[in-house]
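Novice: Put chain P on the given structure of chain A with help from the hints.
There are 2 protein chains.
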Amino acid sequence: MAAGEPTAAVLVVGDEVLSGRVTDVNSLYLCRRLTELGVAVKRGVLLPDDVPVIAAEVGACAPAFTHVLVSGGVGPTHDDVTLAGVARGLGRPLERHPEAEAVIRSFYGPDMAQAALRMADLPRGAGLVAAEGIRFPVIRVGNVWVFPGSPRLMRAKFEAIRGHFAHTPFVTGALHLDAGEPEIAPFLAQVQARFPEVAIGSYPQEPDAPVRLVITVRGRDGERVAGALKALEAGLPGAVVAGDEGPGPA
Amino acid sequence: MAAGEPTAAVLVVGDEVLSGRVTDVNSLYLCRRLTELGVAVKRGVLLPDDVPVIAAEVGACAPAFTHVLVSGGVGPTHDDVTLAGVARGLGRPLERHPEAEAVIRSFYGPDMAQAALRMADLPRGAGLVAAEGIRFPVIRVGNVWVFPGSPRLMRAKFEAIRGHFAHTPFVTGALHLDAGEPEIAPFLAQVQARFPEVAIGSYPQEPDAPVRLVITVRGRDGERVAGALKALEAGLPGAVVAGDEGPGPA
Numbered sequence: 001m002a003a004g005e006p007t008a009a010v011l012v013v014g015d016e017v018l019s020g021r022v023t024d025v026n027s028l029y030l031c032r033r034l035t036e037l038g039v040a041v042k043r044g045v046l047l048p049d050d051v052p053v054i055a056a057e058v059g060a061c062a063p064a065f066t067h068v069l070v071s072g073g074v075g076p077t078h079d080d081v082t083l084a085g086v087a088r089g090l091g092r093p094l095e096r097h098p099e100a101e102a103v104i105r106s107f108y109g110p111d112m113a114q115a116a117l118r119m120a121d122l123p124r125g126a127g128l129v130a131a132e133g134i135r136f137p138v139i140r141v142g143n144v145w146v147f148p149g150s151p152r153l154m155r156a157k158f159e160a161i162r163g164h165f166a167h168t169p170f171v172t173g174a175l176h177l178d179a180g181e182p183e184i185a186p187f188l189a190q191v192q193a194r195f196p197e198v199a200i201g202s203y204p205q206e207p208d209a210p211v212r213l214v215i216t217v218r219g220r221d222g223e224r225v226a227g228a229l230k231a232l233e234a235g236l237p238g239a240v241v242a243g244d245e246g247p248g249p250a
Numbered sequence: 001m002a003a004g005e006p007t008a009a010v011l012v013v014g015d016e017v018l019s020g021r022v023t024d025v026n027s028l029y030l031c032r033r034l035t036e037l038g039v040a041v042k043r044g045v046l047l048p049d050d051v052p053v054i055a056a057e058v059g060a061c062a063p064a065f066t067h068v069l070v071s072g073g074v075g076p077t078h079d080d081v082t083l084a085g086v087a088r089g090l091g092r093p094l095e096r097h098p099e100a101e102a103v104i105r106s107f108y109g110p111d112m113a114q115a116a117l118r119m120a121d122l123p124r125g126a127g128l129v130a131a132e133g134i135r136f137p138v139i140r141v142g143n144v145w146v147f148p149g150s151p152r153l154m155r156a157k158f159e160a161i162r163g164h165f166a167h168t169p170f171v172t173g174a175l176h177l178d179a180g181e182p183e184i185a186p187f188l189a190q191v192q193a194r195f196p197e198v199a200i201g202s203y204p205q206e207p208d209a210p211v212r213l214v215i216t217v218r219g220r221d222g223e224r225v226a227g228a229l230k231a232l233e234a235g236l237p238g239a240v241v242a243g244d245e246g247p248g249p250a
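So the protein sequences, as listed, match chains A and P.
Each residue of the first sequence is one higher than the one before, counting from 1 in our numbering.
Each residue of the second sequence is one higher than the one before, counting from 1 in our numbering.
One chain only, chain A, in its complex shape (with noise of 0.2 Å):
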């Protein structure tokens, strides 16, 4: 990947993911919309309600991607320590902050119960960023964007502020074959290190599947990829060329 091409990692947080009592669906969501805006997505991290373990890793990407995007734990209850962890690992404390408040009182009104106002507890230096069609703004602290782990208001908070992530988008392609992969692997090797800005992914399918193996090739420059993809149909035999690799169930 070249120097200055936007990278991303997608953080998860919540005891009930890992034990599986409830399906996270916001790592996928999350990982096909910033592909599909051009951010490549290079980690995704299911975590602990456990503010050192969020901390670490918190700390751990923030300078290593352009966008960390974190998705819940931060409503009002003892274990929603999102905000927590995400102020230890950028080194800032938790502080009360004044606009989320505001947003936090008008959203409930005169009987709100206090509790309510953990949620304004923020990383110090957090901005919020509010955009059309969504009630609570987004938080920010830095390049650490925090999302809550509702799958709808997940994707709504996103969607109104995906400006931000948008870039360059990847030129993909696909190939069908039917072919076993230890017999073409030299081959797509050899064509790897032809074209090395181009990512080549060689896919199996399962066997109820309509085709039994999918090349994929994916890159930033349109005629790399082209030409990739050309080098390897003409040398593999029977291969149907399957338009674009994009997101989806291949």
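These are computed hints drawn from the structure, not numbers from a lab.
Glycine is no exception: its CB is placed at the ideal position from the N, C-alpha and C atoms.
One or more hints might be untrue.
[Said to hold, decoys possible] Using C-beta positions, here's what the derived DEER-type ranges look like:
hint : chain 1 : residue 1 : chain 2 : residue 2 : range
1    : P       : Ala113    : A       : Glu223    : 27 to 37 Å
2    : A       : Gly163    : P       : Ala130    : 47 to 57 Å
3    : A       : Arg212    : P       : Ala160    : 20 to 30 Å
4    : A       : His167    : P       : His167    : 39 to 49 Å
[Claimed, not checked] To give an idea of the chain P side of the interface with chain A (calculated C-beta under 8 Å), a few residues:
hint : residue
5    : Gly20
6    : Thr23
7    : Ser27
8    : Leu46
9    : Leu47
10   : Ala116
11   : Ser150
12   : Ala199
[Said to hold, decoys possible] Here are some chain P residues the structure puts well away from chain A; computed CB gaps all over 10 Å:
hint : residue
13   : Arg21
14   : Val51
15   : Arg92
16   : Glu101
17   : Ala102
18   : Leu128
19   : Val129
20   : Ala130
21   : Ala160
22   : Pro186
23   : Val211
24   : Ala231
25   : Glu233
26   : Val241
Specialist: Relative to chain A, chain P alone:
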């Protein structure tokens, strides 16, 4: 969690899951099954096809958790680099494993493409765990277990050797509430403080769900779990005991 209780990290390798082109179903399966078997899953990571990145994660997880389960990236093509990453992470060389070579030669027969033998290059000291119902044994390197990325094959292999992970099961329970989180947050925190050896979780449900809020309790000591549930019920008017918390879309 008491000392000596089994923990696990689940690592899934593949650029295709990070791009969202392929839906990772292996993390959920392993998280759920390990939890059912009494193992506390503490970490899940999606990793790219990148040897140093895989090595860093494996090197950090192996000493930190009882079991490390890795899935994906074990085929014969250039993008299958999981075993190289595991080897480097554990500080072992990758070398031809005679027993693995024999299994692969017997599977592919005399017309085998030489590239298939790439799958017989394992971290030094790797063991092959054979079991009834699986054609290829599972690769084990110390406490790191390596599974294929194919969900079908991964599940068959995991189930064939699951006895290696069986432990005293968790005891769980749940309450269903028609309440908001801010109102009950202080009370939940009090009960959590009284029962520190159980984990109390609070999960607001999506608007279309039949219940507004689910409170879960999980622990190893059935009496303490029952005690925490009773304390919660006593202080939460309208709570409905929902039986076992166990895996499922709550």
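Novice: Take the hints in turn and mark each one as holding or not.
Specialist: Hints and how they fare:
Taken as a hint, the range 27 to 37 Å holds for the pair Ala113/P and Glu223/A, whose Cβ atoms sit roughly 32 Å apart. For the pair Gly163/A and Ala130/P, the supplied restraint of 47 to 57 Å holds, since their beta-carbon distance comes to about 54 Å. The hint said 20 to 30 Å for the Cβ distance between Arg212/A and Ala160/P, and at roughly 25 Å that hint holds. For the pair His167/A and His167/P, the beta carbons lie near 46 Å from each other, so the given range of 39 to 49 Å is met.
Because the closest C-beta pair between Gly20/P and chain A is about 3 Å apart, less than 8 Å, the hint holds. With a least beta-carbon distance of about 6 Å to chain A, the hint placing Thr23/P at the interface is held under the 8 Å criterion. The interface hint given for Ser27/P is met, as the beta carbon of that residue sits about 7 Å from the closest beta carbon of chain A, less than 8 Å. The criterion of a C-beta within 8 Å of any C-beta in chain A is met by Leu46/P, whose closest approach is roughly 3 Å, and the hint holds.
With a cut of 8 Å, the hint placing Leu47/P at the interface with chain A holds, because the nearest CB-to-CB distance is about 7 Å. A hinted interface residue such as Ala116/P counts as satisfied when its beta carbon comes closer than 8 Å to some beta carbon of chain A; here the least separation is about 4 Å, so the hint holds. Against a cut-off of 8 Å between C-beta atoms, the interface hint on Ser150/P holds, since the closest Cβ of chain A lies about 6 Å away. A hinted interface residue such as Ala199/P counts as satisfied when its beta carbon comes closer than 8 Å to some beta carbon of chain A; here the least separation is about 6 Å, so the hint holds.
Not every CB of chain A lies more than 10 Å from the CB of Arg21/P, the least distance being 5 Å, so the non-interface label is violated. Every Cβ of chain A is farther than 10 Å from the Cβ of Val51/P; the closest lies at roughly 14 Å, confirming the non-interface assignment. At roughly 24 Å, the least C-beta separation between Arg92/P and chain A is larger than 10 Å, which holds for a residue marked as non-interface. Glu101/P, annotated as away from the interface, keeps every beta carbon of chain A farther than 10 Å; the closest lies near 13 Å.
Residue placement check: Ala102/P keeps its beta carbon more than 10 Å from all beta carbons of chain A (closest about 16 Å). Annotated as non-interface, Leu128/P keeps its C-beta farther than 10 Å from every C-beta of chain A; the closest such distance is 19 Å. The beta carbon of Val129/P sits about 23 Å from the closest Cβ of chain A, which is more than 10 Å, so the claim that it is off the interface holds. Separation of Ala130/P from chain A is adequate, the least Cβ-Cβ distance of about 22 Å exceeding the 10 Å criterion.
Taking the minimum C-beta to C-beta distance to chain A, about 18 Å, the non-interface status of Ala160/P holds against the 10 Å cut. At roughly 6 Å, the least C-beta separation between Pro186/P and chain A is not larger than 10 Å, which violates its mark as non-interface. With a minimum CB-CB distance of about 14 Å to chain A, Val211/P clears the 10 Å threshold, and the non-interface call stands. Look at Ala231/P: its CB is around 14 Å from the nearest CB on chain A, clear of 10 Å, so calling it non-interface holds up.
The claim that Glu233/P lies off the interface holds: its Cβ sits roughly 17 Å from the closest Cβ of chain A, which is beyond the 10 Å cut-off. Annotated as non-interface, Val241/P keeps its C-beta farther than 10 Å from every C-beta of chain A; the closest such distance is 17 Å.
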